[in-house]
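**Student:** This is what each chain is made of:
Number of protein chains: 4
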Amino acid sequence: MENDNSLRRLKTIEGHLKGVIRMVEEDAYCIDVIRQIQAVEAALNKVSSQILENHLNSCVITAIQGDDQKERERVLKEITEVFDMANKV
Amino acid sequence: MENDNSLRRLKTIEGHLKGVIRMVEEDAYCIDVIRQIQAVEAALNKVSSQILENHLNSCVITAIQGDDQKERERVLKEITEVFDMANKV
Amino acid sequence: MENDNSLRRLKTIEGHLKGVIRMVEEDAYCIDVIRQIQAVEAALNKVSSQILENHLNSCVITAIQGDDQKERERVLKEITEVFDMANKV
Amino acid sequence: MENDNSLRRLKTIEGHLKGVIRMVEEDAYCIDVIRQIQAVEAALNKVSSQILENHLNSCVITAIQGDDQKERERVLKEITEVFDMANKV
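Protein chains in written order, with the numbering used here: chain H, 1 to 89; chain X, 90 to 178; chain P, 179 to 267; chain F, 268 to 356.
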């Protein structure tokens, strides 16, 4: 279900990106292209947050409630890593 | 010329994004999907910078060396705006 | 322990920020000031990641292993929220 | 004038950061600390934009209208660089 939602959003973003490519092909004004690229990025951020939310409510709960400490550590480390990267892109 | 370079990069990013969509369709691990989305964003940032660089070296120079003060102000305001947005996405 | 580490980093950042203020007072070159502000932000990002890591390894584990479903949901929702904001600042 | 405005904002941010340090010293809830750090970053972004705006309307205009091509290139390159970094922090 949530997966379908992310998929739909990503396909919309693909359409948006194709529009950006067309703009560059048609020599659109640079600043307008940059603004559209930034809009694509904002939309990608929203999908990331949504996917993370699903992940927390499924895999992360399972791992933390499970008995495998290594797995628990791995799962939590990954969250810090994507958070860290979210600060950078 | 620089335009071709941006175009080529954007088309590569489109391929990358298609790959992300396929990952979601095939139920890939959430964190791997997020990482790929972040890689797409990092690549989009690079294209933005490149397009801005071209813009500065063409339109902005022309506008600032021109006689139209309104145009000059407009062009400079746009740069602050995309910089501002770059901080947000 | 980890708390001490975050505290030390934040105090270093405070010193860095005071340096930026001094630069502005002494009319330093704008671009140098912006670069230093960006360095302060990069350092703040690192502290955030570190604090999130500690949080995941303490409160989040406790909440998810606990019996209070509401608390579990609250704790996970917060992580999505700070991730979402990390994408914006 | 604009300089005074940036200076005032930076001093407010310094106060905000001191507040964050106090929160950590008093063992405040991790997520609240992260949110405050993100608020500090958002405020720093605003100052950066403001400083860039002033820079564009002074040094950049002077350089571009001047006769020194090297200087012109240098000034434009710097803008791409801080834009690039804005995408990263």
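Worth flagging that the hints you see were computed from the coordinates, not collected in a lab.
In this text, a Cβ means the ideal position worked out from N, Cα and C, and glycines have one as well.
Check each hint, because a few of them may be wrong.
Here are the in silico distance ranges between beta carbons for each label pair [stated by the list, open to error]:
#1 Thr329(F) / Ile110(X): 21 to 31 angstroms
#2 Gly282(F) / Asp246(P): 43 to 53 angstroms
#3 Asn324(F) / Glu251(P): 44 to 54 angstroms
#4 Asn92(X) / Glu348(F): 40 to 50 angstroms
#5 Thr62(H) / Asp205(P): 50 to 60 angstroms
#6 Glu251(P) / Ile110(X): 41 to 51 angstroms
#7 Leu7(H) / Ala217(P): 31 to 41 angstroms
#8 Gly19(H) / Gly333(F): 33 to 43 angstroms
#9 Lys18(H) / Arg200(P): 23 to 33 angstroms
#10 Asn94(X) / Gly244(P): 25 to 35 angstroms
#11 Gly197(P) / Glu338(F): 48 to 58 angstroms
#12 Asn92(X) / Glu292(F): 48 to 58 angstroms
#13 Asn272(F) / Lys196(P): 16 to 26 angstroms
**Student:** Evaluate the given range 31 to 41 angstroms for the C-beta pair formed by leucine 7(H) and alanine 217(P).
**Tutor:** 39 angstroms, holds
**Student:** Is the hinted range of 44 to 54 angstroms satisfied by the C-beta distance from asparagine 324(F) to glutamate 251(P)?
**Tutor:** 49 angstroms, holds
**Student:** Does the beta carbon distance between glutamate 251(P) and isoleucine 110(X) stay inside 41 to 51 angstroms, or does it fall outside?
**Tutor:** 29 angstroms, violated
**Student:** Holds or violated: the 16 to 26 angstroms window for the beta-carbon distance between asparagine 272(F) and lysine 196(P)?
**Tutor:** Check passed, 19 angstroms falls within 16 to 26 angstroms.
**Student:** Just tell me: holds or violated, for the beta carbon distance of glycine 19(H) and glycine 333(F) against 33 to 43 angstroms?
**Tutor:** About 39 angstroms separates the Cβ atoms of glycine 19(H) and glycine 333(F), which means 33 to 43 angstroms holds.
**Student:** Range hint 50 to 60 angstroms: satisfied by the CB atoms of threonine 62(H) and aspartate 205(P)?
**Tutor:** Hint holds: Cβ distance 57 angstroms, inside 50 to 60 angstroms.
**Student:** A range of 48 to 58 angstroms was offered for this pair. Does it hold for the Cβ distance of glycine 197(P) and glutamate 338(F)?
**Tutor:** 27 angstroms, violated
**Student:** So the hint says 43 to 53 angstroms: do the beta-carbon atoms of glycine 282(F) and aspartate 246(P) match that?
**Tutor:** 37 angstroms, violated
**Student:** Starting from the range 40 to 50 angstroms, see whether the pair asparagine 92(X) and glutamate 348(F) falls in it by beta-carbon distance.
**Tutor:** Violated, since asparagine 92(X) and glutamate 348(F) (Cβ atoms, about 21 angstroms apart) do not stay within the stated range.
**Student:** Using the beta carbons of asparagine 94(X) and glycine 244(P), state whether their distance is inside 25 to 35 angstroms or not.
**Tutor:** Hint violated: Cβ distance 54 angstroms, outside 25 to 35 angstroms.
**Student:** Quick one: are lysine 18(H) and arginine 200(P) within 23 to 33 angstroms, going by C-beta?
**Tutor:** 49 angstroms, violated
**Student:** Between threonine 329(F) and isoleucine 110(X), does the C-beta distance stay in 21 to 31 angstroms?
**Tutor:** 48 angstroms, violated
Checked against the numbered hints above, the structure violates hints 1, 2, 4, 6, 9, 10 and 11; every other hint is satisfied.
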